[in-house]
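Visitor: Here the protein sequences line up with chains A and B, keeping their order.
So that you can map any letter, position 57 of the first sequence is 56 in numbering that gives the first Met the number 0, and since no number is skipped, the others follow by simple counting.
So that you can map any letter, position 224 of the second sequence is 223 in numbering that gives the first Met the number 0, and since no number is skipped, the others follow by simple counting.
No lab work stands behind these hints: they were computed from the structure.
Owing to the predicted nature of the structure, the values given are computational and were not obtained by experimental measurement.
Some clues are possibly wrong.
Identical copies carry no separate label here, and so any pair may be met within one copy or between two of them.
As the list claims (entries may be wrong) - Simulated pairs of lysine to any residue, SDA-like, Cα-Cα distance not exceeding 20 Å: (1) K197 / L310; (2) K60 / H49; (3) K190 / E150; (4) K190 / N268; (5) K182 / R238; (6) K197 / Q318.
2 protein chains.
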Amino acid sequence: MRESAHKTVVMVLFNDMLMLDVTGPMDVFSISNRLLPEHQHYRLLTVSEHQTLVRSSCGLKVQADMTLKDLPAGTDLLLVPGGPGAYGVAHPGLTAWLPTAVKGARRFGAICTGAFLLGDAGLLDGYRCTTHWNYVERLAQRNPGSRVETEQIYVIDRNLITSGGITAGIDMALAVVAEDHGKDIALEVAKVLLVVMKRQGGQTPYGPLLAAVPRDDTAIARVQAYIVDHIEEPFTVQRMAELAAMSTRNFARAFQREVNLTPMQYVLNARIDHSRKLLEGSDLPLKVIACRCGFGSARHMRKAFSERIGLTPNQYRQQFGGD
Amino acid sequence: MRESAHKTVVMVLFNDMLMLDVTGPMDVFSISNRLLPEHQHYRLLTVSEHQTLVRSSCGLKVQADMTLKDLPAGTDLLLVPGGPGAYGVAHPGLTAWLPTAVKGARRFGAICTGAFLLGDAGLLDGYRCTTHWNYVERLAQRNPGSRVETEQIYVIDRNLITSGGITAGIDMALAVVAEDHGKDIALEVAKVLLVVMKRQGGQTPYGPLLAAVPRDDTAIARVQAYIVDHIEEPFTVQRMAELAAMSTRNFARAFQREVNLTPMQYVLNARIDHSRKLLEGSDLPLKVIACRCGFGSARHMRKAFSERIGLTPNQYRQQFGGD
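Produce the complete structure using the sequences and hints provided.
Guide: Structural data, given as structure tokens:
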């Protein structure tokens, strides 16, 4: 008799979870089953705190297979999806249950903002992890003991696997399938799903590099606003310090403290963000965009853009630009 | 009072539907609601033939909001997802209901193999449409009155909107949002979901260009097998005819009739398919791959590959290749 090599994947359900976080991985594993011999099939289970219908954030109503206490032993991968119900609501019952459940699992992980629930259960400490690009800072603040990475689609650190925004759960599950059963199977599944196996540039191309400019009246905030409003101009630390009526040294220190970036990093991010808007919304030539964003030359822009975004300006335009 | 501009999107649920087909569009519309003023929100409804729990192909159990007969008037977009339950099972109740439901809707459409249900309801006749790359031929055979396109992610033809494999439902829904509320909102939603707004190359990069080579013993099948097994060699119609022991003219005719491609189209597809395998599974230089696939030169390969696949060989390798 052939030894069974089933792997059990458990998905935790709760109200206001984001459905794509749930169904991305589930469909990856379920479509893998079409390609795997039966004794290697993934077993998919859904659990919820109370055995009732769960209402997801898009309104779809889902029925979990069982409640937390009925979960059988032997989980290979325990997954927590994200959504408003993950980052906006406390789930004391769930977060009390998670540490024990995780101990019984070979691996555990989260999709998107599901990482907030793992953090609330104290399960991110000492780990590298990621979450949706828009929630990275919040997760890092709430979990000072973990290192939240911002520029990857998913992060595997020992037995923890976390992923970025929403559809990143598909990428993450494909990585699990590739590890469990080889890259060819995973590639086959990716092609059935119509996704690529390797995304370029991590999450960076999706999120803005700068938060909205504060328009309050500190000297630093005024300089930030000036930079954004005059992004075509050349900037040096000295010039920015003059705009703030501060000494260069004091300005640089205060800026770094308030904004968490050096002044020149801030300028570069602002130039790149503005160039992205122009790449998205216009068909201006690169040369003109470079000039309007203060890059000096198209060549300089291309280099800075590619290093920071992980895509060339032309690739970015192809993926996010107009028709 | 401001006029309400709600749009009602109805998703039809049935057993063995593919969950990502359902949740891709639903989450696109639901995340759009975060960005739209309330009077413009999408209203999402799910219907099923019998008001019961529906079990999707990955095992997830979903509860529809109402049965077919309870659907209120005024649907803006009626959508049918795909999955084994769409192309493998007859749904006489559903296909009898669809034509009337579609008449009452501003627009209707399908995700992935959901097009089979529309076809069974007689709703594809006279339309251009698409489906999952792996099911294009089957759909075309079952619906001779429709023109099934193979190389796009989604196809909009008047009031019908259809989409390719699984995650293509996300692209399609983003196109609807862009049309309803402008490109900026759609781009914002794409970035939240971590998807791109415009995919390159349609569905072509995902599916193989050739079906599996028949290994039966007709002269044409033997030549096909020979080509695939000796793809590094040069081929002309004359040489292939000699291999089949037929006159060039007879061979070309018989080949086209049996294979539905000219002999030289077949050779080109076989060369490209083989080069894809080498791009996916090796880090051989382009020059070597071009040689092993009979392309003559890397330059020739690059040109033929880009024209047929919609991506350069390097882009293809970045998206589907190894680490």
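Visitor: Indicate, hint by hint, whether the structure satisfies it.
Guide: We went through each hint and held it up to the structure:
In this homomeric assembly, K197 and L310 come within 20 Å of each other (Cα to Cα) both inside a single copy, at 13 Å, and across copies, at 14 Å. When the C-alpha separation of K60 and H49 is checked against a cutoff of 20 Å, the pair qualifies both within a copy, at 14 Å, and between copies, at 16 Å. Taking CA atoms no more than 20 Å apart as the test, K190 paired with E150 passes between copies only; the shortest distance there is 14 Å, against 25 Å inside one copy. Taking the closest pair of Cα atoms, K190 and N268 come within 20 Å of each other only across two copies (18 Å); inside a single copy the shortest separation is 35 Å, beyond that limit.
Proximity of K182 and R238 under a CA criterion of 20 Å is satisfied in neither setting, with 53 Å inside one chain copy and 38 Å between copies. Taking the shortest Cα distances, K197 and Q318 sit within 20 Å of each other both inside one copy (15 Å) and across copies (5 Å).
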